[in-house]
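K.L.:
Let the sequences and hints guide you as you build the complete structure.
Okay, so the sequence shown: first residue is 49 according to the numbering used here, each after it adds one.
No wet-lab data here; the hints were simulated from the structure. Some hints could be false.
[Unchecked claim] Here are the simulated DSSO-like cross-link-like pairs (lysine-lysine), alpha carbons at most 27 Å apart as the crow flies:
#1 LYS165 to LYS115
#2 LYS300 to LYS274
#3 LYS98 to LYS115
#4 LYS306 to LYS367
[Said to hold, decoys possible] Between beta-carbon pairs, the in silico distance windows are:
#5 VAL199 to ALA347: 22 to 28 Å
#6 PRO88 to GLN122: 16 to 22 Å
#7 LYS362 to SER86: 34 to 40 Å
We put the CB at the ideal spot given by N, CA and C, even for glycine.
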Amino acid sequence: MKTVYNYLLASVCLLWVLVGCKKVEHAIPDEIVSFNESTPTAVQVGQKLKVGFLTNNVKSFDFSLVKDGTSILQEQIILSDNQKIIEKEFDIPLNEEYVGEAVLRVTYTAGGQNITKERPITLQESNPVMYVVGGSLGAGWDPTRASMMTVYDPDSKTKFEIFEYLTAEGGFKFLPTNIDWKGGYGKGSAAGSLMQDEEAENLTVSEDGFYRIRMDAEALTYEVLKINMGVIGDATPGGWDNDTDMAFEGGKGSYTWKVTIDLVPGKIKFRANDQWTINFGGDLNNLTQDGPDIEIASAGTYDITLQLTPGAYKAILEKK
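P.N.:
Right, here's the structure in full:
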């Protein structure tokens with residue numbers, strides 16, 4: 049009997065404990081918008097900014113990029129049902145006045161109140177960039193495969209050049225990005241002029257060949273110069289007076305010039321069209337325009353390869 053009594057007493061106590069306990073919950077606001085940690089903290093003006101958002105039970109919210117109290121860009125973002133994680137891409141205007149500290153801002157309604165959240169971001173000075181694309185090049189018309197040009201005037205951010213094999217068929221254009229066609233440059237109304245219009249006509253050359261291509265994004269001009277490379281110097285048979293011609297190998301997408309030549313101790317350089325307007329020297333792994341003479345230490349027959357790959361000019365000298 050005592051055992052039954054103890055059992056009933058324990059059951060009553062357990063029931064009292066269970067009734068007395070309350071479930072503790074940490075409430076989370078129903079409507080939420082916040083920035084994903086993948087969102088960058090810096091971006092160059094003129095470039096694309098990818099912003100990640102985390103949301104909950106929100107049908108829409110306002111996004112803006114604010115600099116010194118002024119919205120540089122703003123957009124209302126509409127969400128589909130149950131969309132929790134999204135990423136949006138925004139074009140940052142190419143305006144050097146925007147360089148400096150700014151904030152990313154989202155505004156939305158939660159519980160009948162307007163909620164604002166901000167995330168700091170640094171707008172950086174843009175690095176000059178330009179690409180060339182088209183059927184006349186090995187890259188074809190896919191912007192993501194466009195060839196990057198280099199700045200040839202140290203005092204300018206708008207003058208670019210590149211060496212490419214071009215065909216008369218196909219055409220080409222210049223692009224300020226290798227993402228899409230926005231802001232592309234095509235044929236202008238006058239010879240040698242450009243039009244910044246995605247629908248502008250293609251640029252062309254009259255014959256197949258290896259070209260130096262230049263463009264000025266500010267003056268809206270371009271020029272193409274067909275070139276043939278050669279070797280010159282007192283280490284070559286022609287001395288400093290006569291070039292030894294090199295032969296181009298390949299076609300679209302190739303940047304290779306070759307020659308087999310007898311050299312003696314001395315110096316050489318590479319130049320185009322038997323003139324000094326375009327010439328390369330210096331470190332064989334990093335040739336530069338107007339670079340120093342290249343030393344040849346010993347006599348012999350050499351296989352010389354010159355590579356004018358965009359942004360990486362180099363030469364290989366192999367003694368037989």
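K.L.:
Looking back at the numbered hints, which does the structure fail to meet, lowest number first?
P.N.:
5
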